[in-house]
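> Each chain, letter by letter, is given below.
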Amino acid sequence: QQPVQSPQAVILREGEDAVINCSSSKALYSVHWYRQKHGEAPVFLMILLKGGEQKGHDKISASFNEKKQQSSLYLTASQLSYSGTYFCGTEMLGSGNTGKLIFGQGTTLQVKP
Amino acid sequence: SQTIHQWPATLVQPVGSPLSLECTVEGTSNPNLYWYRQAAGRGLQLLFYSVGIGQISSEVPQNLSASRPQDRQFILSSKKLLLSDSGFYLCAWSRDRGDEQYFGPGTRLTVT
Numbered sequence: 001q002q003p004v005q006s007p008q009a010v011i012l013r014e015g016e017d018a019v020i021n022c023s024s025s026k027a028l029y030s031v032h033w034y035r036q037k038h039g040e041a042p043v044f045l046m047i048l049l050k051g052g053e054q055k056g057h058d059k060i061s062a063s064f065n066e067k068k069q070q071s072s073l074y075l076t077a078s079q080l081s082y083s084g085t086y087f088c089g090t091e092m093l094g095s096g097n098t099g100k101l102i103f104g105q106g107t108t109l110q111v112k113p
Numbered sequence: 001s002q003t004i005h006q007w008p009a010t011l012v013q014p015v016g017s018p019l020s021l022e023c024t025v026e027g028t029s030n031p032n033l034y035w036y037r038q039a040a041g042r043g044l045q046l047l048f049y050s051v052g053i054g055q056i057s058s059e060v061p062q063n064l065s066a067s068r069p070q071d072r073q074f075i076l077s078s079k080k081l082l083l084s085d086s087g088f089y090l091c092a093w094s095r096d097r098g099d100e101q102y103f104g105p106g107t108r109l110t111v112t
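In order, the protein sequences belong to chains A and B. Note that our numbering has the first sequence beginning at 1, numbered continuously upward. Note that our numbering has the second sequence beginning at 1, numbered continuously upward.
The hints are simulated quantities; they were obtained by calculation from the structure and are not laboratory data. Think of the CB as a built atom: it goes at the ideal place given N, C-alpha and C, for glycine as much as any other residue. Check before you lean on any hint, since a few could be wrong.
[Claimed, not checked] Selected chain B positions facing chain A (in silico; Cβ < 8 Å):
1) 96
2) 98
3) 101
4) 103
5) 105
6) 106
[Unchecked claim] With a straight-line cut-off of 25 Å between C-alpha atoms, the simulated SDA-like cross-links for lysine to any residue are:
7) A/112 x B/41
8) A/50 x B/46
9) A/37 x B/37
10) A/26 x B/46
11) A/37 x B/110
12) A/37 x B/11
13) A/37 x B/99
14) A/59 x A/23
15) A/112 x A/18
16) A/50 x B/96
17) A/26 x B/57
18) B/79 x B/37
19) A/26 x B/99
20) A/37 x B/5
21) A/26 x B/45
22) A/50 x B/97
23) A/37 x B/105
24) A/50 x B/59
25) A/37 x B/46
26) A/37 x B/45
27) A/37 x B/111
28) A/37 x B/1
29) A/37 x B/7
30) A/37 x B/3
31) A/26 x B/60
32) A/37 x B/85
33) A/37 x B/2
34) B/80 x B/42
35) A/37 x B/86
36) A/37 x B/10
37) A/50 x B/51
38) A/26 x B/58
39) A/37 x B/84
40) A/37 x B/88
This is chain A alone, in the form it adopts within the complex (with noise of 0.2 Å):
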C-alpha cells in the first residue's frame, strides 16, 4: 500500500528544475506532499483532491492522474532552501473520514548554489 517515490535522490544546482513523483496501486482520494529538513517535523507543500482541485504554494505545483494514481510534484528554479526530503503521503478512497495517509519513503533533494 506504500506509494512509491521517484528519485530517490536528486541534486540540483540553483536555478534548476526538479521533478519528483508519486505512484499509487490504490485508488487515491487525495495525494499530499510534505518537506522535510534534516532534524525537523515535515512541513506541508500541496494537496491534490480527487476530482482535481489543488491546494498550496504558487511556487511550486503539482499534478494528480487519476487515471493512474500518479502525482507529480514540479520545483522549478530550485533555490537553496528547497533542499529536504520531499515525502508524498496518500489517502485512499474507502478510509473514511479518517484522514489516515501512507507516505512514500521519501526522496532527498539537494540544491547547490
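Given the coordinates of chain A, work out where chain B should sit on it, guided by the hints.
Just chain B now, with coordinates in the frame of chain A:
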C-alpha cells in the same frame, strides 16, 4: 491560530522501561490526531490515528499503545521499550479528510 505541542523533545530510556509521550493541540476542536514514527533516514510510519475521544485505531501491531483522554490530547505509551522503538516520534492533526496535516516538533527517542 492553531498550535501543536509535543513533549519531551528528546528522551533516552533503557530497554524495558515504560514510555509516555504527550501531544496537545490548541485552537481547534475535534481534530483528527495521528502518531507517526520515523527511523533514522527513513520515511514516516503511521502508528495510530484517532477521529474522536476514546477512538483509537492501530496501524502496526507492536508494543506501543495510544490513548485520547481529551479532545485535543493524544498520548503514546509503552509498558516495556525495545531497542527497535528508537526513532523520531511525530504527532500530527488535521481538521478533516482531504485537509493538510500539521506536525508537531517531534520527540527524539533513543532506547539504550
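> Decide, hint by hint, whether the structure agrees.
Hint check:
no.	hint	in the structure
1	96	6 Å, holds
2	98	5 Å, holds
3	101	7 Å, holds
4	103	4 Å, holds
5	105	6 Å, holds
6	106	5 Å, holds
7	A/112 x B/41	21 Å, holds
8	A/50 x B/46	22 Å, holds
9	A/37 x B/37	16 Å, holds
10	A/26 x B/46	17 Å, holds
11	A/37 x B/110	20 Å, holds
12	A/37 x B/11	21 Å, holds
13	A/37 x B/99	22 Å, holds
14	A/59 x A/23	23 Å, holds
15	A/112 x A/18	13 Å, holds
16	A/50 x B/96	15 Å, holds
17	A/26 x B/57	21 Å, holds
18	B/79 x B/37	17 Å, holds
19	A/26 x B/99	19 Å, holds
20	A/37 x B/5	19 Å, holds
21	A/26 x B/45	18 Å, holds
22	A/50 x B/97	12 Å, holds
23	A/37 x B/105	12 Å, holds
24	A/50 x B/59	24 Å, holds
25	A/37 x B/46	19 Å, holds
26	A/37 x B/45	17 Å, holds
27	A/37 x B/111	23 Å, holds
28	A/37 x B/1	23 Å, holds
29	A/37 x B/7	20 Å, holds
30	A/37 x B/3	19 Å, holds
31	A/26 x B/60	19 Å, holds
32	A/37 x B/85	22 Å, holds
33	A/37 x B/2	22 Å, holds
34	B/80 x B/42	24 Å, holds
35	A/37 x B/86	20 Å, holds
36	A/37 x B/10	18 Å, holds
37	A/50 x B/51	22 Å, holds
38	A/26 x B/58	20 Å, holds
39	A/37 x B/84	23 Å, holds
40	A/37 x B/88	13 Å, holds
In summary, this structure violates none of the numbered hints.
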